[in-house]
Amino acid sequence: MARKNEAKKATKREPIVLGIESTAHTLGIGIVKNGKVVANEKSMLFEYGIHPRKTADHHANVFSEVLDSALQKAKVKLKDIDLVAFSQGPGIGPCLRISTIAARVLAIQYDKPVVGVNHCVAHIEISKHFTGFEDPLVLYVSGGNTQVLVKEKGRYLILGETLDIGIGNMLDNFARSVGLKNAREVEQHAERTNEYIPLPYSVKGMDASFSGMLTQAQKLWNRRNTDELCYSMQETAYASLCEITERALALTGKREVTICGGVAQNRRLQKMLNEMSSEWNCRFGVAPNEFNADNGGMIAYVGYLLMKKGKAKKNALKPNEILPIPKYRTDQFKI
Amino acid sequence: MMMKPRASRKRNEEQKFNRRGAEAKIYFSTLFGIPVVIKRRDPKRYRIEQLDNALRSSRNRIEARSLLAAAKSNVAVPRIFHAGKYELIMERKKGILMKDAKEITPSEYRQVGKMLAKLHATGITHGDFTPANVMITKEGPMIIDFGLAIFSKDNEERAIDLLLMKRSIGKNYAHFVTGYKSLKEWKSVLKKLEEVEKRGRYHSRKAAKEEG
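Taken in sequence, the protein lines are chains A and B. Residue numbers for the first sequence follow this note's numbering, beginning at 13 and rising by one. Residue numbers for the second sequence follow this note's numbering, beginning at 752 and rising by one.
This is chain A alone, in the form it adopts within the complex (with noise of 0.2 angstroms):
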C-alpha cells in the first residue's frame, strides 16, 4: 500500500533526482527529472593516467561549482531534490570518497534519501535508455572495465570478462609507454595507416586478456612505425572484444546489442560490433558520447528508476551506511 502512494505521489510531482559521480577522473553531476536527464555537468582530470590523491582534490575543489552549474541547468533548486543517487563503486577509493562524503552531507543537511548505485550498472543503463532497448547483450568497456552482460533475474550476470586488465587501461598504458596522452591519441594515430603488424590474440571461451599484446607492442617500440602499432592494437583488441560478445550472442541468442562505458565512444569499435551484429540479424545501438564517458546523469538516471520501481525506499541508506564500496561487483547490485 505505502509503496503504491509513493509511487503515485512521485508521478504527479515529477521526481527530481540528483547525481553524483566519482570513482575516477571525472565528477558529474547530473539530474534527471521525470525520466529525462536534463542536467549533466562534469569535471575531468585526466592527463597521463590517474594519481588518486590529486584526483580526489580536483574533485572536491570544483564539487560546489559543477553542483551549481548543473542546478542552475535544471532549474531546479537544491530543495527541490527528491533523491540523491551517488556512484558507491567499483572505484577508486579516493574519488569514491567525494561522492560518498557529498551525499552524507546532502542526507544530513538537507534531510534528504540517499540510494548508493553500482557505476557499471548505470552504465548500462542509461544506454539502453538511449538506444531503447528492452533486453540486450551489453558490451561494457572502460578504463578498468572490460565485460560482457545479459541481464538476467533483476541482476546483472558477467557472461564473460578480462582476465587481466581493462581494456582501456591497456590503450592508456601502451599510449604511454610509445610517447602518447592517451586511448584517444591511440585511435587518431590508427587511421593514419592500415599496415597491419600481428600481436598475439587471445581468447579464451568468452574472457578475453590483453596484457600479452600490450607487452608485445612495447617491445616493438622504436622498431616499427608509432601509427602501424595503434592500428595493430586496436584492431587485435577490439576483434578480440567483438569475438568474445559475439561468442555470447551465439550462446544466449539475444536481438540486440549494445556498447557502453568510455571505449564504447571509439568508432572503430562501433563500427566492427554494428558489423558483427547485423551479421547475426540483431540490432545494434549506443548512446551518445557525453553519456558513455563517466558522468553525473547515469547515476541520477539508476536512482529515478529504483524511485519508479518502489524500491528507492527500500535501498535508502541512513548517513551512517553511506560508505564507498571500491570493488563493488557489477551482478551484486539488483535492479
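A portion of the hints provided could be inaccurate.
Computed footprint of chain B on chain A, listed as stretches where at least three residues anywhere in the stretch have a Cβ under 8 angstroms from a Cβ of chain B [to be verified]:
1) 181-194
2) 208-217
For lysine-lysine, the following DSSO-like pairs were computed, each having C-alpha atoms within a straight-line distance of at most 30 angstroms [claimed, not checked]:
3) A:Lys163 to B:Lys904
4) A:Lys339 to B:Lys943
5) B:Lys943 to A:Lys231
6) B:Lys904 to B:Lys949
7) A:Lys283 to B:Lys776
8) A:Lys163 to B:Lys850
Don't read these hints as lab results, they were simulated from the structure. Every residue gets a Cβ at the ideal spot worked out from N, C-alpha and C, and that includes glycine.
With chain A's structure known, arrange chain B on it following the hints.
Just chain B now, with coordinates in the frame of chain A:
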C-alpha cells in the same frame, strides 16, 4: 546513434545451415551414405582480412590436429574425414548436447572429468570446455568443437578449462572433479584454478563467499 542491420541477403543464407556457432557454420550432410558434419569457418567482415584469415586457418588447422591427437589417446571425439583450409568434415553421431540434456547422472559428470584429464594428459587443452561442447551419446560423453584448443601442458590453460565448466555446472562440479583427479598433476591444476579465480576483477570477500 542507431544502426539498422542489413538483413535481406543474409536471411536467405541462414536457412541453409543447420547450426550456427560464433566461430563457424555447421551443415549436416552425408558423404557416401555416412552422416557427416561440415564445419565451415566463413570470413568475419568485422575484423581485417589479414587477422581474420590467420585466425580462421590456424584454428581450423589446430582443430584438426587436436582432434586427431585426442582420438589417438582414446578420448571420444568425432573422427575427421577431410580437412580443408577453412573447413572440416567430421562424422556425425546421434546425441544430445550436455547443455540441453534434462538429466545428467553423476557418473556421466565423472566420465566427462575423466575425459578432460585424458585430454590434458595428451597435451591438449580445449579452450572452450562448456556444456555446449560436450555431447552425450549412446556410448557416453563425447567432446566436440576443438576450435579454441591448443597444444599445451600448461597448468594455467588446464585450469581455465576447469573454470569454464565449473561456472556452468554449479554443484555438479564436485562429481566432475572426482573424475578429473585421474590426471597425474591434478593437485597443481586445482591450485592454479584457485589462483585464476582470484584474478577476475573486483572479487570482494563477500561475493567470493556467496559463490563458494
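Cross-check of the supplied hints:
no., hint, result
1, 181-194, "violated (count 0)"
2, 208-217, "holds (count 6)"
3, A:Lys163 to B:Lys904, "36 angstroms, violated"
4, A:Lys339 to B:Lys943, "23 angstroms, holds"
5, B:Lys943 to A:Lys231, "28 angstroms, holds"
6, B:Lys904 to B:Lys949, "22 angstroms, holds"
7, A:Lys283 to B:Lys776, "23 angstroms, holds"
8, A:Lys163 to B:Lys850, "20 angstroms, holds"
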